[in-house]
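Protein chains: 4
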Amino acid sequence: MSMTGVLRPGHIQIRVLDMGEALEHYVGAIGLRETDRDDQGRVYLKAWDEYDAFSIVLRETDEAGMDFVSYKVDCVETLDRLEKDVQAFGLETQRIPAGDLNRCGERVRFVIPTGHNFELFAEKEVLGRTGISDTNPEAWPADASGMKVRRFDHCLLYGDDIEGVEKLLTEVLGFQLTEQALAEDNETQIAVFYSCSNKAHDIAFVRHPEKNKFHHASFLLETWEDILRAADIMSMKEIDIDIGPTRHGITAGRTIYFFDPSGNRNEVFCEVSNWYPDYPVKSWTGDQIGKAIFYHDRALNERFLSVVT
Amino acid sequence: MSMTGVLRPGHIQIRVLDMGEALEHYVGAIGLRETDRDDQGRVYLKAWDEYDAFSIVLRETDEAGMDFVSYKVDCVETLDRLEKDVQAFGLETQRIPAGDLNRCGERVRFVIPTGHNFELFAEKEVLGRTGISDTNPEAWPADASGMKVRRFDHCLLYGDDIEGVEKLLTEVLGFQLTEQALAEDNETQIAVFYSCSNKAHDIAFVRHPEKNKFHHASFLLETWEDILRAADIMSMKEIDIDIGPTRHGITAGRTIYFFDPSGNRNEVFCEVSNWYPDYPVKSWTGDQIGKAIFYHDRALNERFLSVVT
Amino acid sequence: MSMTGVLRPGHIQIRVLDMGEALEHYVGAIGLRETDRDDQGRVYLKAWDEYDAFSIVLRETDEAGMDFVSYKVDCVETLDRLEKDVQAFGLETQRIPAGDLNRCGERVRFVIPTGHNFELFAEKEVLGRTGISDTNPEAWPADASGMKVRRFDHCLLYGDDIEGVEKLLTEVLGFQLTEQALAEDNETQIAVFYSCSNKAHDIAFVRHPEKNKFHHASFLLETWEDILRAADIMSMKEIDIDIGPTRHGITAGRTIYFFDPSGNRNEVFCEVSNWYPDYPVKSWTGDQIGKAIFYHDRALNERFLSVVT
Amino acid sequence: MSMTGVLRPGHIQIRVLDMGEALEHYVGAIGLRETDRDDQGRVYLKAWDEYDAFSIVLRETDEAGMDFVSYKVDCVETLDRLEKDVQAFGLETQRIPAGDLNRCGERVRFVIPTGHNFELFAEKEVLGRTGISDTNPEAWPADASGMKVRRFDHCLLYGDDIEGVEKLLTEVLGFQLTEQALAEDNETQIAVFYSCSNKAHDIAFVRHPEKNKFHHASFLLETWEDILRAADIMSMKEIDIDIGPTRHGITAGRTIYFFDPSGNRNEVFCEVSNWYPDYPVKSWTGDQIGKAIFYHDRALNERFLSVVT
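Protein chains in written order, with this note's numbering: chain E, 1 to 309; chain W, 1 to 309; chain F, 1 to 309; chain L, 1 to 309.
Quick caveat, the hints were computed from the structure, so don't treat them as lab data. Any given hint could turn out to be false.
Claimed, not checked - Anything over 12 angstroms on all C-beta distances counts as not near chain F; from chain L, calculated:
| no. | residue |
| --- | --- |
| 1 | Arg37 |
| 2 | Gly41 |
| 3 | Asp80 |
As the list claims (entries may be wrong) - Simulated DEER-style distance windows between Cβ atoms:
| no. | chain 1 | residue 1 | chain 2 | residue 2 | range |
| --- | --- | --- | --- | --- | --- |
| 4 | F | Val281 | W | Asn186 | 19 to 27 angstroms |
| 5 | W | Asp80 | L | Glu24 | 25 to 33 angstroms |
| 6 | L | Ser306 | F | Gly20 | 55 to 63 angstroms |
| 7 | L | Asn117 | F | Arg37 | 36 to 44 angstroms |
| 8 | F | Glu302 | W | Glu187 | 46 to 54 angstroms |
| 9 | F | Val281 | L | Gly20 | 37 to 45 angstroms |
| 10 | F | Asp80 | L | Asn117 | 40 to 48 angstroms |
| 11 | E | Ala299 | F | Asp134 | 44 to 52 angstroms |
| 12 | W | Asp185 | E | Gly263 | 56 to 64 angstroms |
| 13 | E | Glu184 | L | Thr61 | 16 to 24 angstroms |
| 14 | E | Arg59 | W | Asn136 | 36 to 44 angstroms |
| 15 | L | Thr170 | F | Val281 | 53 to 61 angstroms |
| 16 | E | Ala299 | W | Asn186 | 52 to 60 angstroms |
| 17 | F | Gly20 | W | Asn186 | 46 to 54 angstroms |
What the hints assert, rightly or not - A few chain W residues that face chain E, going by a derived Cβ cut-off under 10 angstroms, partial list only:
| no. | residue |
| --- | --- |
| 18 | Cys75 |
| 19 | Gln176 |
| 20 | Lys199 |
| 21 | Phe304 |
Yeah, the Cβ is synthetic: ideal placement off N, Cα and C, and Gly gets one too.
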């Protein structure tokens, strides 16, 4: 089998200040569907083009941010093997029992060098695509609503030990560096993008003095028309837009950054899949950092580097 | 590393009746770029978003069709291993020396159960994307021309032993069945689509009484607007359209089938990448075969089943 | 005032065989909104971007087709003046009293040389755009449904006396010929398109041996993406597509022809407005009639010339 | 004839600081075509979808801005009549002889209450659409380049006597107010948009303490994809973007504002034509001025009100 090991972002648990407002945002505006709740009050959501039972978990508390992000691996044997490899790399791991998250199997959790909780898991109940059968599937679900995002695609995390994360991701977990933005010295990595698949990125990091900061969770749309429609919905629903519609230089994706009611940044974006393991890493030089992030404005907005949760 | 083994379609050698007319079509209209010629008179072409030296090889002769299709594997060790596995599967293999195709390493060739020449290779000279640097890459090349296709994406082959091909692809070469259209008995496979990656398909077959027939080579575009623009170019350049612009039910891709001057069918299409190894196979029942292939017309045109080269 | 006289297509009354099925089609699929019914059982519909109370009237009877099409003029004085001009042209006119159609003022009806009932009116109740205020208007209505057509845009009628219609439209009613397709003699007009505005066409005719035949009523969409979405909806709702998505040569519009459950042809299309009174007429020669009508296929399908109601 | 009087923006003369740089911008980037030069050194440009000989005139001098904007009327008799009407309104008029601008007939010039030079003319040589015949016209010109703008569409002017302009445009010249943004008192007009056609606007004004200021000249594109492509070209060619890609609330157009090398603002935009004389004026209240101008950001950027030439 060609794709083995870590397959994709499986889910992310996001902290929100008010569950009602959060659901109005993630369900009512973004168009995720609620699939479950648990006795801790957590709400489980999925996008219409996802098969697994959930990809977003919302937890109400008094500080916004990300609790953890979890990647799905291809089987239980891989989970066991990677757990040992992570331990051999020098990190402590924790087994979270099946059922801690509804419909999800055992998870292996560890704190990566940037301070974030990172998890692997192999099993999650399959609910199938929302509103579309596997037999004679229609092109899209007639009852999709809001921005109609297709999947939780990746997250961007801020933290200090970028070099440590690269070592872990590439030497232990099978990710590859696909694209990077460099500091003015043209050596130090400022922003790094990793793929565990054909995708241009499955996770990304930006160098930042604090550990364990969350920049955004990103949702896939299909076209630039979808991006416009999403921006229009943000105006109609008075959602705070950070920047966009615009294009990223990195990945050439088309994008909007915006904020949930708790201040967590979201992204909707579209791009053509374009990574293979034998492709060269793309690099943006220090003098082009603005264009690397925001291809049209060719300058960072002040929020990009400072506003994280 | 997550992606291993067979990575992607590397190149296809297509027979054309007149090289001048063929280049007017593949370069002038489709927008491939000539990168090389050899002393046999073969012409090597690549699409702008490809890194390797070529993906299409044209050979002038007096009968149209496909000579062979070749898939790139991740390394020489994989090539050696898969050669043995194919032999163990019961097929004879042939080593084609490096340099037989310009800038390409050794290839392992074998005839698959449907009668087609299928090859694996591990090494090809990298030229980089056409008109775009790996450092501070622009979003697209300013000098792209014609339909501006991004890559050779897959091919669809017609042949008899569909079951034999499935066994070879899935048990030996690491492909997975992603989607299928069934006959009226809802058991016999009529059309089968296989992925060796995240893509919805890297190769496809249709059951057909003759061996070794070629249905089409497909090129990736990015958007439905690009599809329209390609159709317009076909009208302006008097290229024969088979069907489209339309959508496929299978993969939900948007598409045009058209013919090169030698009668070989081409496709331009766009779709969102959507395959993972843990996804269910999608199936189209026998009564929906028309919608499976042509989602809007909901009927096959007579050419789809009969015109092959 | 620059625009005077006849302003635009105001409404069309279409005969349907079953009102329930018709509403499932025109409301449920096309996305028109019901605004009224009358004691004859007629149902009044409008598109979201229209201000007037209705643009489509459906009447249930046992033969499909068009009862009449009505154009709005700028004021009552113009209505009176044009009534006299039409009489002077040699046609009998009939005054239909206000209220014959709900919320609509007096109409002047006459039979044009191709045998169709053609009407003028000056007054209709304004309901405003559906779901959008005139104060701080949103970009589009959040509750639009189905294909989300923006307006009834034009109709295409089949009949014999094309020359008589041209005389009436251009010499009396202030329309202009904008584009035409010619017969093989390159003189006889086969298809003629007229504008009373900036639009590429407000009404069109095709030469046909029978009088008073209806080819299609057309609804405006905004983009080629909308056209695709409409085609997808047609597949999901099992609406019979005549042809498309494709492009017309004439007007360069992008289009789908499809049928309502009674066999009346509809069109959804998009195009950029591009007519001024000082523009030259565009002509398609007899050898290019296929491309004139269907720009991509470059051939008429048999239904285009034969299936009318 | 339905459209009479003032038909459309005919041309605008823009002052540039360096003709070479200006041509690199207007021809090389925006995609206008040079059609003429005169002995004053002025350069004449047209867009591909325009029939008349030019729509943009560039004049090199040492201060950027607009010399004049000229509207085409339907015939010489209208020109004579409107000249008298403008005089009766109380403005002095000046006849500029035919040939003062190459290939252009007599122009009637007057200074409107906001201090801008405004002209009317009836005759200009017709060159036809660029690269497209009136016989069997292709959908678009294969040799279009740069942003491929379709036409000079309108201009936005800044000045003080907004009320005087409204009186002139609506009572004398046959324009209609289509949409307006109001001050915080919800009475005073801040931004006003006028149509002389079916278009959402043919000219616009913003209230400003200085007379005779130029905000932007706008060029039509067809789709939101075209807008993205234009923004990408701006990045590749290092053109300074003011704002966008985004949407206007007013007209719901999709837009980019950007600057020519002399500091004159340009716009590329797309929208669906949607004005008729019987439509209500749309109004934006004082608390929604940001959304009226920039629908997504919902706030004015500081440049919108302050940077004019």
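Verification of the hints:
no.: 1; hint: Arg37; in the structure: 25 angstroms, holds
no.: 2; hint: Gly41; in the structure: 29 angstroms, holds
no.: 3; hint: Asp80; in the structure: 17 angstroms, holds
no.: 4; hint: F:Val281 x W:Asn186: 19 to 27 angstroms; in the structure: 56 angstroms, violated
no.: 5; hint: W:Asp80 x L:Glu24: 25 to 33 angstroms; in the structure: 55 angstroms, violated
no.: 6; hint: L:Ser306 x F:Gly20: 55 to 63 angstroms; in the structure: 60 angstroms, holds
no.: 7; hint: L:Asn117 x F:Arg37: 36 to 44 angstroms; in the structure: 56 angstroms, violated
no.: 8; hint: F:Glu302 x W:Glu187: 46 to 54 angstroms; in the structure: 37 angstroms, violated
no.: 9; hint: F:Val281 x L:Gly20: 37 to 45 angstroms; in the structure: 40 angstroms, holds
no.: 10; hint: F:Asp80 x L:Asn117: 40 to 48 angstroms; in the structure: 41 angstroms, holds
no.: 11; hint: E:Ala299 x F:Asp134: 44 to 52 angstroms; in the structure: 38 angstroms, violated
no.: 12; hint: W:Asp185 x E:Gly263: 56 to 64 angstroms; in the structure: 57 angstroms, holds
no.: 13; hint: E:Glu184 x L:Thr61: 16 to 24 angstroms; in the structure: 40 angstroms, violated
no.: 14; hint: E:Arg59 x W:Asn136: 36 to 44 angstroms; in the structure: 40 angstroms, holds
no.: 15; hint: L:Thr170 x F:Val281: 53 to 61 angstroms; in the structure: 32 angstroms, violated
no.: 16; hint: E:Ala299 x W:Asn186: 52 to 60 angstroms; in the structure: 58 angstroms, holds
no.: 17; hint: F:Gly20 x W:Asn186: 46 to 54 angstroms; in the structure: 33 angstroms, violated
no.: 18; hint: Cys75; in the structure: 9 angstroms, holds
no.: 19; hint: Gln176; in the structure: 7 angstroms, holds
no.: 20; hint: Lys199; in the structure: 7 angstroms, holds
no.: 21; hint: Phe304; in the structure: 18 angstroms, violated
Going through the hint list in order, the structure does not satisfy hints 4, 5, 7, 8, 11, 13, 15, 17, 21.
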